[in-house]
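Novice: The primary structure of each chain is shown beneath.
Protein chains: 2
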Amino acid sequence: QAAEREPSARAPPLLTDLYQFTMAYAYWRAGRHQEPAVFELFFRDNPFGGGFSLFAGLHDCLLFLRSFRFTDEDVEFLRSVLPPATDPAFFQFLRGLDCSGVTLRSVPEGTVVFPKVCVFQPCLKVCLQPVSAASLVISLVCSNAARFRLAAGPRRKLLEMGLRRAQGPDGGLTASRYTHIGGFDLTSNVQAGFLFGIPVAGTMAHSYVTSFTSLEEVWPQTLVAVSGDPDPVDIISLTKGWLSRVCELLGAEPGKIREGELAAFLSYAISYPQNFLPVIDSYSVGCSGLLNFCAVALALCELGYRPVGVRLDSGDLCRQSVDVRRVFRLCSEHFSISAFDSLIIVGTNNISEQSMAELNKKENQIDVVGVGTHLVTCTKQPSLGCVYKLVEVRGRPRMKISEDPQKSTVPGRKSVYRLLDADGHPFLDLACLAVESPPEAGVSLRCFPLGCDDSPVSVTPAQATCLRQDVFTKGQVRRDRLTT
Amino acid sequence: QAAEREPSARAPPLLTDLYQFTMAYAYWRAGRHQEPAVFELFFRDNPFGGGFSLFAGLHDCLLFLRSFRFTDEDVEFLRSVLPPATDPAFFQFLRGLDCSGVTLRSVPEGTVVFPKVCVFQPCLKVCLQPVSAASLVISLVCSNAARFRLAAGPRRKLLEMGLRRAQGPDGGLTASRYTHIGGFDLTSNVQAGFLFGIPVAGTMAHSYVTSFTSLEEVWPQTLVAVSGDPDPVDIISLTKGWLSRVCELLGAEPGKIREGELAAFLSYAISYPQNFLPVIDSYSVGCSGLLNFCAVALALCELGYRPVGVRLDSGDLCRQSVDVRRVFRLCSEHFSISAFDSLIIVGTNNISEQSMAELNKKENQIDVVGVGTHLVTCTKQPSLGCVYKLVEVRGRPRMKISEDPQKSTVPGRKSVYRLLDADGHPFLDLACLAVESPPEAGVSLRCFPLGCDDSPVSVTPAQATCLRQDVFTKGQVRRDRLTT
Chain A
350 QAAEREPSAR APPLLTDLYQ FTMAYAYWRA GRHQEPAVFE LFFRDNPFGG
400 GFSLFAGLHD CLLFLRSFRF TDEDVEFLRS VLPPATDPAF FQFLRGLDCS
450 GVTLRSVPEG TVVFPKVCVF QPCLKVCLQP VSAASLVISL VCSNAARFRL
500 AAGPRRKLLE MGLRRAQGPD GGLTASRYTH IGGFDLTSNV QAGFLFGIPV
550 AGTMAHSYVT SFTSLEEVWP QTLVAVSGDP DPVDIISLTK GWLSRVCELL
600 GAEPGKIREG ELAAFLSYAI SYPQNFLPVI DSYSVGCSGL LNFCAVALAL
650 CELGYRPVGV RLDSGDLCRQ SVDVRRVFRL CSEHFSISAF DSLIIVGTNN
700 ISEQSMAELN KKENQIDVVG VGTHLVTCTK QPSLGCVYKL VEVRGRPRMK
750 ISEDPQKSTV PGRKSVYRLL DADGHPFLDL ACLAVESPPE AGVSLRCFPL
800 GCDDSPVSVT PAQATCLRQD VFTKGQVRRD RLTT
Chain B
350 QAAEREPSAR APPLLTDLYQ FTMAYAYWRA GRHQEPAVFE LFFRDNPFGG
400 GFSLFAGLHD CLLFLRSFRF TDEDVEFLRS VLPPATDPAF FQFLRGLDCS
450 GVTLRSVPEG TVVFPKVCVF QPCLKVCLQP VSAASLVISL VCSNAARFRL
500 AAGPRRKLLE MGLRRAQGPD GGLTASRYTH IGGFDLTSNV QAGFLFGIPV
550 AGTMAHSYVT SFTSLEEVWP QTLVAVSGDP DPVDIISLTK GWLSRVCELL
600 GAEPGKIREG ELAAFLSYAI SYPQNFLPVI DSYSVGCSGL LNFCAVALAL
650 CELGYRPVGV RLDSGDLCRQ SVDVRRVFRL CSEHFSISAF DSLIIVGTNN
700 ISEQSMAELN KKENQIDVVG VGTHLVTCTK QPSLGCVYKL VEVRGRPRMK
750 ISEDPQKSTV PGRKSVYRLL DADGHPFLDL ACLAVESPPE AGVSLRCFPL
800 GCDDSPVSVT PAQATCLRQD VFTKGQVRRD RLTT
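In order, the protein sequence lines correspond to chains A and B.
Here our numbering runs 349 ahead of the position in the first sequence, where the first position is 1.
Here our numbering runs 349 ahead of the position in the second sequence, where the first position is 1.
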């Protein structure tokens, strides 16, 4: 993966709820604005009915904290929306505010985390409530990506292509970044490649294929072989010859083959002879697209190039991929073109986590799966109940009691330890008050696992690690602590 | 509504799928890059099983088109991801590309639109495919907002507060903008107020309430009356007196009242005596929050201020709102404080479209409803099957045929007319080829309504309007045509 560029923070300081400012003013007015406070962020339940979540969004939080500053224009706008009675000195105070007094303890980006355990803990002055970096924590789409990864198995490559279905432009960028952390190999989103170094992929849309109608539109009509003869070869004649042989081999009807599709494939192949991977279902895979692909790919092989493969975007992907693979093997054997044994088949057609899981049960020959809508919009559960609560002010624990018992909070600043067994496998995340002594390797301790009624159990960790790290202190990002 | 600021485009030109660039190169290589092409965008089905959609996203599209330009850095990045064989002259060409050759016909932002009718029609050179402004069309969240608006009825005010549940920072901004177009009155998102002039609202979170423990934390402890005596009044003593009277009136137990909550309310009221609207469920609405509110609000009234109301954020909002209103009326009558008759009750607790509709069936006293998660993530249907297809190249109609019949497209550039009856009500959207003559008022025409098998019907419009307008021509935004 390429190094990441240093983008500017994507969240301006006004991107927060108005009440953060009204509260900040009330604290300031009461002279309490420099009091230290601790907030904790946790999830109530794992998404998608699953057994884990992946923590993500830290990168954006840190950019936000580092660059947090109100401009004159920001402050003027706040003056216009806060009540007229607001003391003008408060706006002066805002103008000078930054995050040099914030300490953030967080689990690294991409950590497997569990419900009700605090994963993200900012310590700040109460006046800094507008710094609601917590709204940048995005674990849902990352966890969703991890589930697609598990469903796909380790062999298959996964391509994220959700840009056009995400919530607005930046929703798409966020999704590309966090699905990559969640286990996707590639993205179609060029800006995500530019900003984050994620490998980008993609070749052609149906519109490219349907924009051609005849071979007369192909230009140039020649291609130079990879090695040897410097004279350009008439690739159209060469391909037509291969098309006849392919039709004969497969017993196909030449009359059903779309000339526009062949022209589109040829035109693309001439531009990118080493990167030929067309979408072959614009008309009919079996009667046209596959035959046209084979003809162009065989012509490329004859000139020493290696075609890459095909994309299927509609219909029964499994069945079609098996048919396509069978034709590739036939061509490889019949024409002795071994490059046809390593062609890849990309499948993209409204893939959900469920249809991904079914791919593994049905016979298929799909090497790369592209996922869009269901991945980035998290169709199965489009939001995660993320909770961000005040737990301590001036060193004193604070609690929220609620008419909904599950909305009550556990007071006090917590430490979280991940306990490992003798094989190095984690078996328990232990939350205790920060003032309690940490668990020790080899020493038995009593704890109360959530969901196991109220009786304590004794466990002896072979090893205990601090789950969270200081990732931001004194206005600086701790670069060494950011990812797992 | 305040005038909008002129934000820079929120989508950089690289925020598109890689295949847009590989195709653009292949067109350029074939010398076809200046050929005119027409794309059309439509939805296949209305979202949420409903009967309409609202069109939205045009504003972002136009900003994008207007500022579309590749920087040197963009072009260098493209050079690094496109195959090495790509002709360097292509990158020179990209560097000079802009949207001066694009014409966009679109329905105005906020128009009610229906499935399968093209609402957005860019005419461009084929090389401009990277200009995928269509990915900025966001109708789902806008349509969702309109459904909440319909469910809420015209009386109730609606507050959008989805920032922390949206897809990343800009997902939140997008949602604030388009829910406002869809009928929401207010947003909690300050940046949306700043950029788009949407009225912002909000007062305090539970963390503010729970951060106080005793009346000693209240500072200053005095407030000056609105008119008359310039001497500051001891508001704490005044409120304590009112609290005793309220407890007596309601037969409440003073021992259950949380002093920290009272301190928080007082502290806020001293800062914002004309904007007092606390959240009253941090501990118990009936045993503490409501009593504390009444005491502080009565003290404010005594000093000539007008408290605004309360927010409920948990439990049965309908039942609680009725109880709260009853107490307000009791106070109004018993203490002769008429300001208590116009207090507002804000309800915010995971409101869905369904629970909004149920509000209208159950007795309740909620004046303002705040909606977050279900609004911005569109829980009921988190994506809209938006289709963007090539329909014409060089004046010749193009079609995509598919193994999925519903994925086939209707070829040719279409015009769309909205037909109105004699009362001025729209009754049919008519799509025909642009080359066909337009419908005329009072003249009968034959058409084939979708879903009514294949038999034609005759209709006579009293009026026919062009549904789409030229909103972008020659690199310029047509400002007069943007909204309904």
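Be careful, since some hints might not be right.
As the list makes no split between identical chains, a pair holds if one copy fits it or if it spans any two.
Quick list of in silico lysine to aspartate or glutamate cross-link-like pairs, EDC-like style, CA-CA up to 20 angstroms [said to hold, decoys possible]:
id: 1; residue 1: Lys605; residue 2: Asp421
id: 2; residue 1: Lys506; residue 2: Asp534
id: 3; residue 1: Lys465; residue 2: Glu608
id: 4; residue 1: Lys589; residue 2: Asp716
id: 5; residue 1: Lys756; residue 2: Asp665
id: 6; residue 1: Lys605; residue 2: Asp423
id: 7; residue 1: Lys605; residue 2: Asp819
What the hints contain is simulated information worked out from the structure, not anything from laboratory work.
Note that the structure is predicted; figures quoted are calculated from it, not measured.
Novice: So which hints don't hold here, by number, going up?
Specialist: Going through the list in order, the structure violates hints 1, 3, 4, 6, 7 and respects the others.
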